[in-house]
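Chemist: Listed here are the chains, written in short residue letters.
There are 2 protein chains.
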Amino acid sequence: MKKAVIVGMGFGGLRAAQTLAGNGVEVLVIDRRNFQLFQPLLFQVATASLEQEHIAYPARAALRKWKGIQFRLGEVTGIDLDTKTVHLEDGTVSYDYLILAAGSVTHYFGMKSIEEQSFDLKSLDKTVQLRTHILEKFEHASRETDPAKRRALLSFVVVGGGPAGVEFAGALQELIQYELAKDYPCLSMAETRIVLLEARGTLLPFLAEKQRDYAVRQLTKKGIEVALNTQVSGAEPGKVLLANGSHISCHTIVWSAGVKAAPIADILGLCSGANGRIVVEPDLTVAGRPEVFVVGDIAYREQDGRPLPMVAQVAMQGGTYAAKTILRRIKGLQVRPFRYLDKGNMAIIGRNDAALNAFGFKLNGFLAWVFWLGLHLFYLPGMRNRTMVFINWLYTYLFRAQQIRIISGPPAAREETCLHKAKIVTPPHPG
Amino acid sequence: MKKAVIVGMGFGGLRAAQTLAGNGVEVLVIDRRNFQLFQPLLFQVATASLEQEHIAYPARAALRKWKGIQFRLGEVTGIDLDTKTVHLEDGTVSYDYLILAAGSVTHYFGMKSIEEQSFDLKSLDKTVQLRTHILEKFEHASRETDPAKRRALLSFVVVGGGPAGVEFAGALQELIQYELAKDYPCLSMAETRIVLLEARGTLLPFLAEKQRDYAVRQLTKKGIEVALNTQVSGAEPGKVLLANGSHISCHTIVWSAGVKAAPIADILGLCSGANGRIVVEPDLTVAGRPEVFVVGDIAYREQDGRPLPMVAQVAMQGGTYAAKTILRRIKGLQVRPFRYLDKGNMAIIGRNDAALNAFGFKLNGFLAWVFWLGLHLFYLPGMRNRTMVFINWLYTYLFRAQQIRIISGPPAAREETCLHKAKIVTPPHPG
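The listed protein sequences derive, respectively, from chains H and S.
With the first sequence counted from 1, adding 624 to any position gets you our numbering.
With the second sequence counted from 1, adding 624 to any position gets you our numbering.
Chain H on its own, in the form it takes in the complex (with noise of 0.2 Å):
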């Protein structure tokens, strides 16, 4: 029986192995994570209104519904293109098929600074952080009596409008309107700040130009400041600093402007393409390696003269076409190639609100939106999950509630303000 190996159960790898999976194909998943991470809605785990767990789908789980397939929770450590074999921290395992979809990381350009200040939104461990962080920073400044010094407690800068800082400040936005400023009653909310800054002229580059122009209106009423063709060149503390020479306090700044290739892309000694991703054939396999499968954002494909986009359509067309074309091989069939087919993107902008184009079809607002949960909760893998998260979205429209506005997870967020340290100093009188 063939063999075929799976690096990275993402959008692409999970496709891969459901479509090899009762096909008389021997699989084996390979994965550092012991979850499928649906990392489009970790945007809600940061502010406060979905549970970590809803969106985060056991691996095991996912893989012990289909035939044939196996799963190892390990790191990739390098793998051998000659013999066929990949490597583990804790032993090798050879494969007839690769299909190398290992995913992204963030991508800091190089600026350190932002990178050590920085919260991104590409893991759950790291959005906890961020959650915590944010509203650590409230309870500092209800603390804080210097009003400069609040002012920065309370400054929270988003860089990159995509969909996910674009998402991300909508809803901070909405968390600090609907709770928190009930929360701290103490604070003035207008002394809170969201910055959304956009190095390039426009958010949101795949809506139609109206549409985004919408979209800047919309946020900046809901009180967001948005900053078109702004850069940023690093960060110190309390603040971030713009590429023309002036600076924005704050003590948040969350980074989404811009992804790379996963750090095993590098190491392979593959041609590579843009943001370090590897360049792939018209049948998504490396050159001379018919049996290496790339697929996803680690991939890197050139179609009608642009770059397919790292996103989770591209992944999942590419994890089911690498998959089927495996398939083909062994029976000693044809392949067409891979061809990208976009259906559209969207992007949430706050409550009610979305805007969607797809096939040329362009929508704003409720109907938008509306669509937008529909189709990221047929996305969410386990029907657990999916329940829950409909819940929750219902009880979120009709009360307005992001109640998750709990300080915990890793102690590392919190060593800033010493709060959870079990230190006693000061001896009290005896009674």
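Any given hint could turn out to be false.
Just so you know, same-sequence chains aren't split out, so a pair can sit in one copy or run between any two.
The list that follows gives simulated cross-link-like pairs (lysine-lysine, PhoX-like), each with its CA atoms no further than 25 Å apart [unchecked claim]:
#: 1; residue 1: Lys-806; residue 2: Lys-986
#: 2; residue 1: Lys-955; residue 2: Lys-691
#: 3; residue 1: Lys-627; residue 2: Lys-834
#: 4; residue 1: Lys-884; residue 2: Lys-967
#: 5; residue 1: Lys-863; residue 2: Lys-736
Hint data in this document are derived by calculation from the structure and do not stem from the laboratory.
Since the structure of chain H is provided, determine the placement of chain S on it from the hints.
Modeler: Chain S alone, transformed into the frame defined by chain H:
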């Protein structure tokens, strides 16, 4: 206006705040966490069936509904009873009345090795670490070829036969039977082992004797090894040591064999009873300090010749009593001494099974189980959490799903397996 400070927002502190609210007293609640933790359900978080967020209710969400209550996040570092001030790391606050409701911490009876190598069921972060740890042991075992090592990885020792220990052991058995057995078809569940150790001669001492036997029988039938009259003397890596000189090979120790007063009790220099608890007068005040109330786990008082138990009921009744007493004293009215009314006790033993003993009425099995669920749902704070937990339980009941099998949270818990280090060591061949 008189000012009351409440230290600790557990069952006692929350009841006190609720009772004082809207009654012309300025109230400040201080807690080092920004949420109220519903500890009785922690075992379900540890065994992957409840989301951690659902048993944590934000302090400000609870308190903002009540009139005249403020909240401050912070660690109390000392209390000056003469000047009536509470010291925090970043400031001091004064009071006319103080309600000390700081609760308890795990008691290791001086066994440092146990403290370092065991988990407890007292805090949210530690409980999530325990869930992660259990799942990691299964992942590790699935790669382990040595049967003895594998068996140690799959052995779980629970120390303490109170409700927390019994409920955790039962839920862990179900997690293994219904979920992990399917997640790891390569592992034989006959190699797994759950041992429940109790130093005394009985589990769940608050039950009638027949019920205690019932509990032992039911747990044993589920495959849990119950060892009574068995004392633990320490731990070494990979084993728990028993006082009789033998040991049990295991990589997971859950300690629920004791609690003692929160450390703040230590430094107040007040008269202390068993487990470092502060001895209080019949009106729950400190001798000579009629304005200082001590309630819940941190207070020591005997009633009918026996110390009040360290349970939620005592804390809730004490919190209400202290607040009412303050209100009566302000009006110049007399107060009756505190008297604890034991409304009964119960423990869940497993699916469809619990034991209950209230006002001499004894009930085992399904009905007791339904009653257990209903009562915990009733006491769980927050409508949203109640709704979510109810749906959760329904889902778990119908589908036997304990789905939150995700390895996440503080990296401390993951160090051992080194799975998340972004380390790439093997130089691969270029293509």
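Chemist: Does each hint fit the structure? Answer for all of them.
Modeler: Outcome of the hint check:
1. Lys-806 - Lys-986: Neither: 37 Å inside a copy, 46 Å across copies.
2. Lys-955 - Lys-691: Intra 19 Å, inter 74 Å, cutoff 25 Å: intra-copy only.
3. Lys-627 - Lys-834: neither (50 Å within a copy, 57 Å between copies)
4. Lys-884 - Lys-967: within (23 Å within a copy, 60 Å between copies)
5. Lys-863 - Lys-736: For Lys-863 and Lys-736, the Cα distance is within 25 Å only inside one copy (15 Å; across copies 44 Å).
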